[in-house]
Amino acid sequence: MIFLRYPFDEKTVRSLKAGDAVSISGIIHTGRDKFHKHFADGGAINVDFRDGALYHCGPVVVRDGDGWRVKAAGPTTSVRENPYEPAFIAKSGVRLIIGKGGMDSATLEALGLYGAVYIQAVGGAAAIYADAVKRVAGVDMLDEFGAAEACWHFEVEDFRGVVAMDSRGRSLFDEVYSSSASRCRELIQQAR
Amino acid sequence: MNSLERLIRDTSSFLPDDVEAALRRAVRKEPHGSSAHVVLKTILDNVALARRNHTPLCQDTGTLVFYVEAALRKKATPEKIRAAVAEATRRGWLRKNCIDSIDGRSYDDNCAEDAPLIHYSENVKGVRLLMKGGGSENMSRQYSLPDTSIHAGRDLNGVRNAILDAVLKTQGYGCAPGILGVCIGGDRATGYEVAKEQLLRRLDDISPDPRLARLEKDILKSANTLGIGPMGLGGKTTLLGVKIASRPRVPASFFVTIAYMCWACRRN
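These protein sequence lines are chains Z and E, in that order.
According to our numbering, the first sequence is numbered sequentially starting from 1303.
According to our numbering, the second sequence is numbered sequentially starting from 412.
The set of hints was computed from the structure by calculation and includes no laboratory data.
Positions of the beta carbon are idealized from the N, C-alpha and C atoms, including for glycine.
Some hints here could point you the wrong way.
Said to hold, decoys possible - So, partial list: chain E residues that the calculated Cβ filter (under 10 Å) puts toward chain Z:
#	residue
1	Arg462
2	Asp471
3	Thr474
4	Ala563
5	Thr601
6	Ser618
7	Trp674
Sequences and hints are given; from them, build the entire structure.
Below, the structure written as structure tokens:
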């Protein structure tokens, strides 16, 4: 297990390899569909993503006195942000993209160019990720985007995931797909 | 809390013991520090935490399907079931998860026409509930044999190839390791219905038809040699179970329908 703490410096992030298990602590920011569209349309974002982390997540957050409490915070499917992510990586200086299911070759290329990685969080693990959020440090664009799509600033402790796409051009998803597809062809041939 | 509300809460928060046991067997097969090990460990920690806190196992609390013993028709009425769903939503055991398909507005109590779905049947004991998330429902598919692209003729080998192809195409989407419910034959609608019903079976339940029992075992074994693994990051366990049923067909049709269920298999 590799322990990462915000700020995530370029050297450390570039040393991460596809398949590394990681535990993340410090500040991470959520952003999904509306966030990416807003950014692509040239909208302002009052968050400094340099050496930071973006989490594809639509959390369930409820008011708790003056603050907030996170009830569920699992990852959402990342492919929907494919059209926007390379430009976001280039302009924001983000180092960790956290989500589910992987992203396309243009994003993989951007990870290499700017020194970032894609981390697979465990789909469906809503309770464990809500538990990893120790404090809600703030929220942006809550009124415009609604609670599920807002940009939440979470202080996390031991947020676990696996580096699935690294800055050296490796994607576990591509590798697993091609090896499983050839094994599947073998199995189908055997049956004939 | 009445018994229907308790049923919903427990289905949302408790993973069935046979599924949890299968995940425990899976984690033991993976080397420490591997992606598969990390993913399975996280899943098992999540299962324990959701059970302890009575919180949803997964934030997508899914499409609710109630299967009710016909004799209980007067006790577990649609009105009572809907009231329990509304209360469970209010108490946070269910997400506001029901949207009008025409204008996109939310039914905040999860109740609308045919939501939740309720089936009264002679073949069910008591009141059962299946909660299936969108990510897995999107991965359910139907094949029409013959299908030359996957060398699938109209026999059990063809059925096998169709099911393996479905497992291959699900990677990266449905949260693996998953469970397959399969229906061979029937018309298209029956195929999807019967395939989904197979997901109510326990993992240790074996088809009484020895031909289907053999197929269930063979596909589970073969699919787990694909190496797709937990969350598609590679590993020895891609499927936790395969449950197959068959229905008669007309000579002109041969459907194979596959209902995919993610690891968060919520049934009660």
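For each hint, the structure was consulted:
no. : hint   : verdict
1   : Arg462 : holds (9 Å)
2   : Asp471 : holds (8 Å)
3   : Thr474 : violated (15 Å)
4   : Ala563 : holds (8 Å)
5   : Thr601 : violated (26 Å)
6   : Ser618 : violated (19 Å)
7   : Trp674 : holds (7 Å)
Of the numbered hints given earlier, the model fails hints 3, 5, 6; all others are met.
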